[in-house]
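Asks: Modelling step: build the complete structure from the supplied sequences, incorporating the hints.
Sequences listed follow chains A and B, in order. Residue numbers for the first sequence, in our numbering: 1 to 178. Residue numbers for the second sequence, in our numbering: 1 to 178.
One or more of the hints may lead you astray.
[Stated by the list, open to error] Distance windows between CB atoms, simulated:
hint : chain 1 : residue 1 : chain 2 : residue 2 : range
1    : A       : Arg-58    : B       : Lys-121   : 39 to 45 Å
2    : B       : Asp-7     : A       : Trp-3     : 21 to 27 Å
3    : B       : Asn-4     : A       : Arg-50    : 18 to 24 Å
[As the list claims (entries may be wrong)] So these bits of chain A aren't anywhere near chain B, every CB distance computed over 12 Å:
hint : residue
4    : Leu-17
5    : Ser-54
6    : Glu-55
7    : Leu-57
8    : Arg-58
9    : Lys-59
FYI, nobody ran anything at the bench for these hints, they're computed from the structure. By construction, the Cβ of each residue, glycine as well, lies at the ideal position given by its N, Cα and C atoms.
There are 2 protein chains.
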Amino acid sequence: MRWNDIDQMTCSLARTLSVIGDRWTMLILRDAFLGVRRFEDFEKDLKMPRHRLSERLRKLVEQNALTRVQYQTRPRRFEYRLTEKGVDLYPVIVSLMNWGDRWMAGADGPPVELIHRNCGKQIVPALKCPECDEEIRAREMTARPGPALRKRGLPAYGRAAPRPVPAGDAAAAINRAR
Amino acid sequence: MRWNDIDQMTCSLARTLSVIGDRWTMLILRDAFLGVRRFEDFEKDLKMPRHRLSERLRKLVEQNALTRVQYQTRPRRFEYRLTEKGVDLYPVIVSLMNWGDRWMAGADGPPVELIHRNCGKQIVPALKCPECDEEIRAREMTARPGPALRKRGLPAYGRAAPRPVPAGDAAAAINRAR
DNA sequence: TGACTAAGTTCTATTTTGGAACTTATTATC
DNA sequence: GATAATAAGTTCCAAAATAGAACTTAGTCA
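Replies: Structure representation (structure tokens):
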């Protein structure tokens, strides 16, 4: 499968990745969240090829995650700002950072801390259930076909169906565990 | 900058991307969360090149996000399971899905819904502040240098410093807004 | 013996990326 | 008035990563 076809998968994750799932886009967005807006500043901070940056910014503008705003007239210069759609990627950035902090940080600890202005405290944002307010754990979640898949009458996420395990196999017990 | 050098950036996001920031890894992990464990099943579902799959699985095992477990002896066959480090990527997957659901879904609505077993309800998990329990909004968050950067005495994320805006420029007002 | 299964590996053409140099419009400096 | 500087790009080409198809390995089943 070609990468260009990825947004045609009936999968929100794949569609999201079609927008931000390349080498640089996520880092560009991180910078945008930190207040970077100008081409030169992105380039200096990320040390990425200018052509690539130009292309990625254009794509993000096309996708409406950023807007290109003229900030001076002579010579005409533009800067890039997060749109609502772009700002809404914040949880993605934060989750990725959290994971990096927990699993990839060096002995010195995480490079950046987040402060919540509301309460003034340094926090690690966490996923919660809006119904029962419990913290979300992967094992407690189930996926079921949503409207788009039900409509099409597709088998959806039936892949997780338990497989027959060769009887008496040593792995069987573990297999049932997960 | 070469992609291989990305994990040397002092940035948790970059380090995370060095593990899962390529074309397929995230989709492999999604499948893993849905219960897929075997090479053939990943391959059939994702329709990705086998060599690529093999390489990505190997890398995830090296990084300790998956383990390779033998599930039968003759012939020896292995399957891949999420480790704690892997399971901990759930918030990343969920955030990406949420965004896709909100911004990239077709007219039919999202392809998958999540059920929280705890309360039995269909939910959209959200990032919350563990201190004041408010939902996290990008605009209410500030980043400051964490231990790793303070130790090194680096300028950290000073890039967001306000720039002088040409006086009287039409963009100035908007510029201050954000 | 030959077909089949699961999990890979090998090969090659195509696509994407990285790096450096060049362009354009305009202001500031010698 | 020529020369440099700045910001935001674009152009060109070599190097790296990816896609797709075919092949391998080890063992079972008819």
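Asks: A separate judgement is required for each hint: does it hold in the structure or not?
Replies: Hints, verified against the model:
1. Arg-58(A) / Lys-121(B): 39 to 45 Å: For Arg-58(A) and Lys-121(B) the Cβ distance comes to about 41 Å; the hint holds.
2. Asp-7(B) / Trp-3(A): 21 to 27 Å: holds, 23 Å
3. Asn-4(B) / Arg-50(A): 18 to 24 Å: At 20 Å between Cβs, range holds.
4. Leu-17: violated, 6 Å
5. Ser-54: Answer for Ser-54(A): holds, closest chain B Cβ roughly 16 Å.
6. Glu-55: holds, 16 Å
7. Leu-57: Since the minimum Cβ distance to chain B is about 16 Å, Leu-57(A) lies beyond 12 Å and the statement holds.
8. Arg-58: Given a closest Cβ separation of 18 Å, the condition holds.
9. Lys-59: Per Cβ check, Lys-59(A) is outside 12 Å of chain B; nearest 14 Å; holds.
Figure legend: structure checked against the earlier numbered hints; the only hint not met is number 4.
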